[in-house]
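Participant: Given only the sequences and the hints, what does the whole structure look like? Please build it.
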Amino acid sequence: MGEAAKTVIFEIERRNSTDENSYWEKFELPYKMNMNVISALMEIRRNPVNMDGKKTTPVTWDMNCLEEVCGACSMVINGKARQSCTALVDQLEQPIRLQPMKTFPVVRDLIIDRSRMFDSLKKVKAWVPIDGTHDLGEGPRMPERKRQWAYELSKCMTCGVCLEACPNVNDKSDFIGAAPLSQVRLMNAHPTGAMNRDARLNAIMGEGGLASCGNSQNCVESCPKGIPLTTSIAALNRDTTVQMFRNFFGSDRMVD
Amino acid sequence: MDNNREFLMRRLHSLLGIIPIGLFLTQHLIVNHFATQGEEAFNTASHFMANLPFVIFLEIFVIYLPLMYHAFYGLYIAFTAKNNPGHYSYMRNMLFIAQRYTGVFLVVFIAWHVFETRFQVAIGNAAEADFNMMENILSNPWMLAFYIIGVLSATFHLSNGLWSFLVTWGITQSAAAQKYATYFTLLVFIVLSVIGIRALFAFV
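Residue numbers (the working numbering), protein chains in the order written: chain Y, 1 to 256; chain C, 1 to 204.
By construction, these hints were calculated from the structure, which means they are not laboratory data.
Nothing here was measured: the structure is a model prediction, and the numbers come from that model.
Accuracy of the hints is not assured; some may be wrong.
What the hints assert, rightly or not - When the alpha-carbon atoms are kept at most 20 Å apart in a straight line, the in silico EDC-like pairs for lysine to aspartate or glutamate are as follows:
#1 Lys-172(Y) - Glu-6(C)
#2 Lys-82(C) - Asp-171(Y)
#3 Lys-54(Y) - Asp-19(Y)
Facilitator: In structure tokens:
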């Protein structure tokens with residue numbers, strides 16, 4: 001080869017376990033056409049030698065679908081939270097800095113524990129209850145145009161990027177973040193799900209719910225699926241405004 | 001999550017920021033604007049405001065209590081945020097941060113402003129909050145600068161707060177509605193700032 005082989009430099013914020021302090025480690029690896037952050041991490045795993053030439057432990061990370069629909073491989077790349085599977089090295093400034101999304105508990109290296117998001121989905125009852133002791137038959141039909149609209153909201157993959165980007169989701173606050181809120185709008189839009197509308201609205205009117213949003217709108221700017229999260233939040237604001245008055249002035253606990 | 005105290009407190013915070021505090025600020029800046037018509041015009045207006053019937057109750061229920069609630073709960077809100085302007089320097093995020101900084105500054109500014117004017121009248125150090133009083137205060141260039149920053153912080157905080165109010169109560173939902181609300185509140189900011197700054201310079 002006439003010229004020096006092209007390389008890619010990675011700086012990775014690592015830690016061995018949740019309670020340990022983090023440290024930075026640099027890696028230099030040969031450039032390959034069309035490589036992404038995950039293929040680079042795989043290369044480091046294959047040959048775990050850092051830039052000082054010392055053998056080290058392989059960097060751990062989370063991944064699953066490799067096509068930006070599962071949300072598992074989210075991390076902070078050059079300061080911004082996103083999925084590492086769609087982070088193409090050609091489009092990133094070097095050195096490429098990888099950090100875990102520290103809004104969540106860090107398990108090891110780049111692996112985080114997103115359990116709080118799934119707990120939030122349970123808290124806000126983000127499902128359509130259909131269980132019964134007998135066949136309830138078909139539910140009401142959903143108009144096709146509404147289904148297409150709702151499909152956009154259903155693209156949420158609980159990746160956690162909106163929580164990482166949000167200034168109000170932090171260790172001083174118990175705000176659940178945009179993702180579970182938008183799911184409430186999705187479930188409430190479903191004709192069968194709407195039968196439990198008030199239960200979900202009252203859930204997000206609780207501690208750490210809708211009211212903790214401060215409208216920084218980083219969520220909608222950061223969402224990899226382009227979900228209109230701030231519109232969802234504003235729409236829920238209107239719904240909870242009505243629900244608030246209904247709770248107080250309403251004649252009884254009737255649904256709708 | 002069945003306890004909705006936080007929800008009600010946040011909504012009250014949002015409401016009080018506009019009604020009555022936002023209305024009061026607008027009224028206050030407009031009355032100040034009489035200063036541009038001369039000392040006598042300002043003193044007449046100021047005298048009229050200071051001698052409204054039941055003025056102490058108007059002050060307590062329209063100004064002091066709502067303002068104190070908005071200030072102290074606002075401090076709590078400001079200090080529970082973890083600002084991240086660096087990598088997420090989107091316009092709304094910058095305004096979000098500015099809203100918190102101006103809010104904290106306004107607590108200091110308004111406390112000082114009330115101490116220097118209304119409180120001095122209350123303890124009998126001054127007969128009335130008149131043109132001379134403001135002229136004396138603003139003759140100090142540092143104080144003038146402090147008041148200019150104070151007025152601009154207040155008009156910004158109100159305008160941007162009006163934008164958030166529209167979202168918080170679910171009035172502006174779509175991105176388009178929120179964008180036009182941004183233009184509208186920008187206009188509110190400019191108009192109120194011009195009124196407020198013109199009044200300040202009338203005392204210099």
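Participant: Taking 20 Å as the top limit, are the C-alpha atoms of Lys-82(C) and Asp-171(Y) close enough?
Facilitator: Holds: Lys-82(C) and Asp-171(Y) sit about 9 Å apart, inside 20 Å.
Participant: Given the hint that Lys-54(Y) pairs with Asp-19(Y), does the C-alpha gap stay at or below 20 Å?
Facilitator: violated, 25 Å
Participant: Given the hint that Lys-172(Y) pairs with Glu-6(C), test it: the Cα-Cα distance must not exceed 20 Å.
Facilitator: holds, 15 Å
In terms of the numbered hints stated before, the structure departs from hint 3 and from no other.
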